[in-house]
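**Student:** Residue-level listing of the chains:
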Amino acid sequence: EPEVTQTPSHQVTQMGQEVILRCVPISNHLYFYWYRQILGQKVEFLVSFYNNEISEKSEIFDDQFSVERPDGSNFTLKIRSTKLEDSAMYFCASSELEHLNDFGPGTRLLVL
Amino acid sequence: KQEVTQIPAALSVPEGENLVLNCSFTDSAIYNLQWFRQDPGKGLTSLLLIQSSQREQTSGRLNASLDKSSGRSTLYIAASQPGDSATYLCAVPNYGGSQGNLIFGKGTKLSVKP
Chain A
6 EPEVTQTPSH QVTQMGQEVI LRCVPISNHL YFYWYRQILG QKVEFLVSFY NNEISEKSEI
66 FDDQFSVERP DGSNFTLKIR STKLEDSAMY FCASSELEHL NDFGPGTRLL VL
Chain B
31 KQEVTQIPAA LSVPEGENLV LNCSFTDSAI YNLQWFRQDP GKGLTSLLLI QSSQREQTSG
91 RLNASLDKSS GRSTLYIAAS QPGDSATYLC AVPNYGGSQG NLIFGKGTKL SVKP
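Quick mapping for you: the protein sequence lines, in order, are chains A and B.
Just remember that this note's numbering sits 5 ahead of the position in the first sequence, which is counted from 1.
Just remember that this note's numbering sits 30 ahead of the position in the second sequence, which is counted from 1.
These are computed hints drawn from the structure, not numbers from a lab.
A few of these clues could be false.
[Unchecked claim] Sample of chain A residues with no beta-carbon within 12 Å of chain B, all distances over it, derived:
(1) Lys62
(2) Glu73
(3) Asp91
[Claimed, not checked] Reference listing, derived: stretches of chain A covered by chain B, where coverage requires no fewer than 3 residues with Cβ under 8 Å from a Cβ of chain B:
(4) 18 to 26
(5) 44 to 52
[What the hints assert, rightly or not] Result set (DSS-like, lysine-lysine): computed pairs, CA atoms no more than 30 Å apart in a straight line:
(6) B:Lys136 x B:Lys31
(7) A:Lys83 x B:Lys136
(8) A:Lys47 x A:Lys62
(9) A:Lys62 x B:Lys143
(10) B:Lys139 x A:Lys62
(11) A:Lys62 x B:Lys136
(12) B:Lys139 x B:Lys72
(13) B:Lys136 x A:Lys88
(14) B:Lys72 x A:Lys88
(15) B:Lys72 x B:Lys136
(16) B:Lys31 x B:Lys143
(17) A:Lys47 x B:Lys139
(18) A:Lys88 x A:Lys62
(19) A:Lys47 x A:Lys83
(20) B:Lys136 x B:Lys98
(21) B:Lys31 x B:Lys72
(22) B:Lys31 x A:Lys83
(23) A:Lys88 x A:Lys47
(24) B:Lys31 x A:Lys88
(25) B:Lys136 x A:Lys47
(26) B:Lys98 x A:Lys83
(27) B:Lys72 x A:Lys62
(28) B:Lys31 x A:Lys47
(29) A:Lys88 x B:Lys98
(30) A:Lys83 x A:Lys62
(31) B:Lys143 x A:Lys88
(32) A:Lys83 x B:Lys143
(33) B:Lys139 x B:Lys98
(34) B:Lys139 x B:Lys31
(35) A:Lys62 x B:Lys98
(36) B:Lys143 x B:Lys98
Nothing here was measured: the structure is a model prediction, and the numbers come from that model.
The beta-carbon is built from N, C-alpha and C at its ideal position, and this holds for glycine as well.
Could you build all of it, start to finish, from the sequences and the hints given here?
**Tutor:** Right under this line is the structure:
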């Protein structure tokens, strides 16, 4: 069964550095999402992406964040200058229709 | 602003027991409600989706109910097994946003003892 994949599984970075988290959504899916979960907290919506543009973003998704679909398969989340509070598990998700079903395994980001 | 709450935060039961997990939401204007399972270090797996017009959905040993007017949903797990041990999350779409913009509860961590 097709799955959403994410790389890397873990990333450690220094505060102020740029990070790019990568995702390969399920191939026939049209809607793409990023969520994050700070340790011990709720899963939170960051951004949705459809038809090659951001369709919706939360107030967490400020100018430090960007998303891109550079080719037909990858979907990336870039954090331009990481802060300590960006440490979290980041989940990519995709769906064929608007109902969101398929999440990736996550990338655990630690900012030191 | 929609808030989703799950009670209890953790639950430990012996194998074979039937159990109920609770989810409540503050704004009854929802498109649907989903229950997810989260295993440690892994992503979220969608278990059941109930449309706002439905009262319940069933999948195997799982049954989810929805009472929009009271802002509640329950997930019933029959004949629990150790493999059911995980964190169970409920989520509703942010009304007025896309259906993929989900608001999650904090989850109930279930432990089923053999």
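**Student:** Assess, step by step, whether the Cα of Lys136 (chain B) is no farther than 30 Å from the Cα of Lys31 (chain B), and give holds or violated.
**Tutor:** holds (16 Å)
**Student:** Are the Cα atoms of Lys98 (chain B) and Lys83 (chain A) separated by 30 Å or less?
**Tutor:** Violated, at roughly 38 Å.
**Student:** Are Lys31 (chain B) and Lys143 (chain B) close enough, with their CA atoms no more than 30 Å apart?
**Tutor:** violated (38 Å)
**Student:** Regarding the pair Lys72 (chain B) and Lys136 (chain B), is the alpha-carbon distance no greater than 30 Å?
**Tutor:** Since the Cα atoms of Lys72 (chain B) and Lys136 (chain B) sit roughly 16 Å apart, the hinted pair holds (cutoff 30 Å).
**Student:** For the pair supplied as a hint, Lys139 (chain B) and Lys31 (chain B), is the alpha-carbon distance within the 30 Å limit?
**Tutor:** holds (25 Å)
**Student:** Does Lys143 (chain B) pair with Lys88 (chain A) here, judged by a C-alpha cut-off of 30 Å?
**Tutor:** violated (40 Å)
**Student:** Could you let me know if the closest chain B CB is still more than 12 Å away from the CB of Glu73 (chain A)?
**Tutor:** Fine: 18 Å to the nearest Cβ keeps Glu73 (chain A) off the interface.
**Student:** CA of Lys47 (chain A) to CA of Lys62 (chain A), is that 30 Å or under?
**Tutor:** Within the cut-off at roughly 17 Å; holds.
**Student:** Keeping to a limit of 30 Å between CA atoms, is the pair of Lys139 (chain B) and Lys72 (chain B) held or broken?
**Tutor:** Holds, at roughly 14 Å.
**Student:** Closer than 8 Å, Cβ to Cβ, for at least three residues: run that test on the region 18 to 26 of chain A against chain B and report holds or violated.
**Tutor:** Per the Cβ count (0), the hint is violated.
**Student:** Sort out whether Lys136 (chain B) lies within 30 Å of Lys62 (chain A), counting only the CA atoms.
**Tutor:** holds (21 Å)
**Student:** Going straight from one Cα to the other, do Lys136 (chain B) and Lys98 (chain B) come out at no more than 30 Å?
**Tutor:** holds (20 Å)
Violated hints, listed in ascending order, are 1, 4, 9, 16, 26, 29, 31, 32, 36; each of the other numbered hints is respected by the structure.
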